Amino acid sequence: MTTIPIEVTVNGRSRSLRVAPQHTLLDVLRDDLALTGAKECCLVGECGACTVIVDGSTVDSCLMLGVEADGAVVTTIEGLATGGRLTPIQEAFLDEGGVQCGFCIPGQVISAHALLQASAHPTIAEIEEGMAGNLCRCGCYQQITQAILATAEAGRR
Amino acid sequence: MIGRVGASPQRVGGRGRVTGLQHYVADIRLPDILHAKLVTLDCARARIVSIDTSAAERVPGVRLVMTAADLPQPVPRFGPQFQDRPVLAVGETKYHGEPVAAVAADSRDAADEAARLVKVEYEELPAVFTIEGALDPAAPLVQDAALRPGDNLAATNVLREHLVGWGDVEATQADLVIEHTYEFPMVTHFAIEPHAFMAAPDGDGIAVWSSIQHPNWLQKVLADILGLPLAKVRVHAPDPGGAFGGKQHAKYEPLVALMALRADRPVRLVLTLEETFQAARRASAKIRVRTGFHSDGTFAFQDIAADYLIGAYADIADRVVGKGSYPGCGPYRVPAARITARSILSNTTPSTAFRGFGAPQVNWAVESNIDAGALALGIDRLELRLLNLARLGEAFIPFDTPADGHWEQVVRRAAELIGWGTPLPPGRGRGIAVGIKSGPTTGLSYATVRLLADGSVIVFAGTSDMGQGARTILAQIASDELGAPLDWVTVVMGDTAVVPYDQQTSASRSTVLMGNAVLDACRDIQSKVRAMAARLEGIDPSEIAVEHGVVLLPGREVPIVDVLKPGLGPLGGELIGNGEMRKEGDPGHPLGGSVAFFEFNCTAIEAEVDRETGDIVLVRHVTVSDVGKALNPLQVRMQDEGAAVMGLGHTLMEHYIFDGSGRIRNLGAIDYRIPTSMDLPLELLSDMVENEDGPGPYGSKGMSEGALLCVSAAVAGAVHEATGTVIRDLPLTPERVWRSLQEGGNG
Amino acid sequence: MRSFAYSRPATLAQAFKTLESGGSDCRLLAGGTDLIIRLRDGSLQPTIVVDVKRIPELRPVIREEAGRLTIGATTVMSEIAADERVRRHFVALAEAAAVVGAVQIRNRATLGGNICNASPAADTAPALLVYGAQVVAIGSAGSRRIPIRDFFVRSGETTLRRGELVMAIELPLPTQRTGSVHLRRTRRRGHDLASVTLACLVDAAGVTRLAFGSVGPRPVLAVDSSGVLADDAADDDAKGAVLEELFATASPSAGSMRASPEYRRAMLRVLGRRAVGIALDRLAGGGAPG
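Residue numbers (this note's numbering), protein chains in the order written: chain A, 1 to 157; chain B, 1001 to 1747; chain C, 2001 to 2290.
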């Protein structure tokens, strides 16, 4: 099988690897880099369980080829907490009850993190719109919104 | 971190979930593993003429192509109620997506390619995929009559008929009789984690990994099929990424286990979301309700005939039909009742347990019919419900557990939160409905708790934490009883080689059944601590009490750990407690056992309808449950609000769509819509009633399904008040509401 | 996903060469949010996927020059929705771009991809139609401008010639004040494919342009030059009659599972009337500057 060399920075670490053209960024993260935080669910860009940040923007990693990440900077859920310390948004998810089964949560946390980077003090409507690409079948939407609001509020203090 | 019951600490296991380090089945890597892919046919029913695997076998990296012919003969069949489901299709596929073969290869790419290259010659056969179609006397039989020996319904597509009742419906006079037929759509669990399975030869036995709710039940299924003793079947059940009933029973574990044994290598199968739609769903239903009322609003009788469309294999579906329809009259005083329910086989995805377990379907019909009666009688819908509601201790189902809560408090609280009776802006309406579900009828849970030398605790419990938060609740109980901080408690679950037996994780049972087993194990340790303290103090044990983590000695109290350390002595060691909780069955009971507790919920909705488009805007959604005692109030809210959102899914947007020959058209996330963060009600309020009157630890009750039960009827009631239109089919899509308004809309 | 070769031309010339030799075995990759779904479900099975994102001429850019706003083909929806110039002059396009999928999709989906995919439900198409956009296509024989109303043929098919790429989309800056809006119907409030997608533009001269998609094989532009729709004094019946005429070409598919033809037609009328009202309000409120 033909593979293509790519250089990609994942969670601050630069990686050189060869990827098959038909493998998505999600495949590359999970299978080649053993970063299983991003999850596989719908594979059509509807559920957001595979959300990661590529060059500053959230994307569904199931709808991007691994080769397209050549030269990109990628942040996955594994790249948020550093030195064993959770980020404020991760803590807030736990404090506000935003986590049940947890399968969608890596994607949710990444989207919430990016949302707060883009807008330090989002309104509830902005949060609901900005998080609509991350399905939660446990139905924690209200708690997740609360976690984002609480994090924004704590940042204001 | 204080873990006392009644507090809302951070979820135990939450850290792994927010960091991506929690390993679900698909995240676990085994060396040398083969990737499996199912081979299916794109039709609802077909006769398999031949299967040519040669091209698939030539794909580099392919190690195994398995068809029914490669399985032990006769092909093993399994199922929790009827052993009707073959490991792979035998001769005929009976639903869209039933596997006829499976391949295993070194890579996913190779497995996918080989699966495409398995050449199946088949003849499409006529399929039944609606209730009417299945009941047509000319309909093809879904199940071979030979699988149903001695069954006088074997020549029909009716798998079972259930009849429950009391009083004499025919002889009961009523001032008003309201009769309507209601339909409930076919919907699917859509857990964000698709089902995932792995199996690996393990010495002289097998190890299986599955995102399963009932690991012990699976262990037995596999032992039977493989002819192994239970001790040689090790089931690893990592926390499921959402289950909702869809992961209770074995699906493809037997296949994957047989593949692993044949290939002599580990094999993994991770379903696509599309494949999960073809693996598990909720039964659709058509329910005729005839309600007799006296003119004062009291019920004269309920006469319910519920047809549930189940799939091609029974799974647990017939139990769902029997148990779900059983409390069909609701939590009311009903002098005469007749409930008939049929499970009807069809060439569709096998239906199975799904949050609410058959109750939401009947609830939708009966609560909507009660609204129709209230309207005809000119009695307020809330008042009519309160008038008939069973009060604590009333045997509202004559032969079962009496009403076990102050349910009127729940209804009044919901009414208060929705502002029932206060003026509404124009174009708005309110609806209110109550829901009841029978809890577990049998149960058996064991727990082992180890109090280690430093006072930290390990709890071994066979419950699956699929998001409901059982791990946290069990840790809180142990923390409370043994005085360890919550972060000094570890809960080990999901490994049949390590954790003692638990019957199952379903029916909102775990807080009550496993909770009591853990409590029992902690009490076992407490009694040992008491003996230790007596020995150390040189006094009689009767002078000592141990509770909530402290040892009460004459004149003083000390933490358990202060007795434990000297008590264990220089060698250290630990104290081990064993606990057990049984709920025995009753063969004479219609459900095989009385109900351990009822889940009770009241949901109230305020809605506005765009009459031009049919859009429903939920202005406020109130859900109130009787929980006995909230061991963790935040988790109660999460479960209630989550169930409410899930209920909005089947109420407003979810349904399978079939083509004319029984293929599912909306497989996958693009055309099967579930609620997003933007689909929440403008306000979603949950509340709970706590009277510490449940059978679980500290007076708790199970509560994870209640808030889903009566969402549909409450929403439809609000739509009716807002617009005057009555709709008796779900989901209430904008198009359906629009059409009803166009047609004049009184059903 | 089936295997394929991946090509990432750095220049137009390289791209043309690949397209020429690969022919119909090639598929162009921009944002990939439609393509990758179809590669996975097997409805497209190219042998070569040509990633056009590194071609300088197609780069994501929005620039104002010579009386028009030029949007590079690979500009993503999020950038379009957030761009001040788009929001000032072409608000319906900003509104349409803001509802293409959820944010993760909008961060990848490109304007060029959206129109080349030629889905009848493409949300940006009606907006581009009412604004009279031009598609700048380039092939080895040179570039040409295709009026957007001549661009769409049917789902998946455009009037692009074999070997041609979309380089950019040009929007003429309005020469008079206008009011415009994009509206759509979906099955839920969260992101969804439109069962009707519609844009409306009213100018100060009283001409109303309505474009709509998801109600036929391709998005369609209809123009009311009578002034009736834009006339505040005209009664509802008169406006209704004009709308009926404008929507006469709508031919929603009976085979769709997303909405019935009757509902789509009915919603077209509802959205059309509402859109005219909003566009007029916006015009009255100052509108987009001319």
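Hints listed in this document are in silico derivations from the structure and should not be mistaken for laboratory results. Model, not experiment: these values are computed from the prediction. Hints are supplied without guarantee of correctness; some may be wrong.
If you want a taste of the chain A side facing chain C, the calculated C-beta under 8 Å gives, among others [stated by the list, open to error]: (1) Ser14; (2) Ser16; (3) Glu68; (4) Ala72; (5) Thr75; (6) Gly79; (7) Ala81; (8) Thr82; (9) Glu153; (10) Ala154; (11) Gly155.
Derived Cβ-Cβ restraints for the label pairs, each shown as a range [to be verified]: (12) B:Arg1665 - A:Asp55: 36 to 42 Å; (13) B:Thr1422 - C:Asp2041: 33 to 39 Å; (14) C:Ala2254 - B:Glu1394: 50 to 56 Å; (15) C:Ser2256 - B:Asp1610: 18 to 24 Å; (16) C:Ala2254 - B:Gly1061: 43 to 49 Å; (17) B:Ile1539 - A:Gly83: 48 to 54 Å; (18) C:Gly2240 - B:Glu1394: 33 to 39 Å.
Glycine is no exception: its CB is placed at the ideal position from the N, C-alpha and C atoms.
Comparing the hints with the structure gives:
1. Annotation: serine 14 of chain A was flagged as interfacial toward chain C, and the flag is violated, the nearest CB pair being 20 Å apart, outside 8 Å.
2. Restraint check, serine 16 of chain A versus chain C: the minimum CB separation of about 17 Å is more than 8 Å; hint violated.
3. With its C-beta approaching chain C no nearer than about 7 Å, glutamate 68 of chain A sits inside the 8 Å limit, and its interface hint holds.
4. Interface restraint check for alanine 72 of chain A: the shortest CB-CB distance to chain C comes to about 11 Å, outside 8 Å, so the restraint is violated.
5. A hinted interface residue such as threonine 75 of chain A counts as satisfied when its beta carbon comes closer than 8 Å to some beta carbon of chain C; here the least separation is about 14 Å, so the hint is violated.
6. Proximity of glycine 79 of chain A to chain C is violated relative to the hint, the smallest CB-CB distance being about 17 Å (cut-off 8 Å).
7. The beta carbon of alanine 81 of chain A is not positioned within 8 Å of any beta carbon in chain C (closest approach about 22 Å), and the interface hint is therefore violated.
8. Nearest Cβ of chain C to the Cβ of threonine 82 of chain A: about 24 Å, over the 8 Å cut. The hint is violated.
9. Look at glutamate 153 of chain A: its Cβ only gets to about 22 Å from chain C, farther than 8 Å, so that hint breaks.
10. Of the supplied interface hints, the one on alanine 154 of chain A is violated, with its beta-carbon coming no nearer than about 23 Å to a beta-carbon of chain C, more than 8 Å.
11. Violation of the interface hint for glycine 155 of chain A is found here, the shortest Cβ-Cβ separation to chain C being roughly 20 Å, above the 8 Å cut-off.
12. The hinted range of 36 to 42 Å is satisfied by arginine 1665 of chain B and aspartate 55 of chain A, whose Cβ atoms lie roughly 37 Å apart.
13. In this structure the hint that threonine 1422 of chain B and aspartate 2041 of chain C lie 33 to 39 Å apart at CB is violated, the actual value being about 52 Å.
14. In this structure the supplied range 50 to 56 Å holds for alanine 2254 of chain C paired with glutamate 1394 of chain B, their Cβ-Cβ distance being about 54 Å.
15. About 22 Å separates the C-beta atoms of serine 2256 of chain C and aspartate 1610 of chain B, a value consistent with the hinted range of 18 to 24 Å.
16. Distance hint for alanine 2254 of chain C and glycine 1061 of chain B: a CB-CB separation of about 45 Å, consistent with the stated range 43 to 49 Å.
17. Between isoleucine 1539 of chain B and glycine 83 of chain A the beta carbons are some 51 Å apart, a value that agrees with the proposed interval 48 to 54 Å.
18. The hinted window of 33 to 39 Å between glycine 2240 of chain C and glutamate 1394 of chain B is violated, with their beta carbons roughly 59 Å apart.
Comparing the model with each earlier hint shows violations of hints 1, 2, 4, 5, 6, 7, 8, 9, 10, 11, 13 and 18; every other hint is respected.
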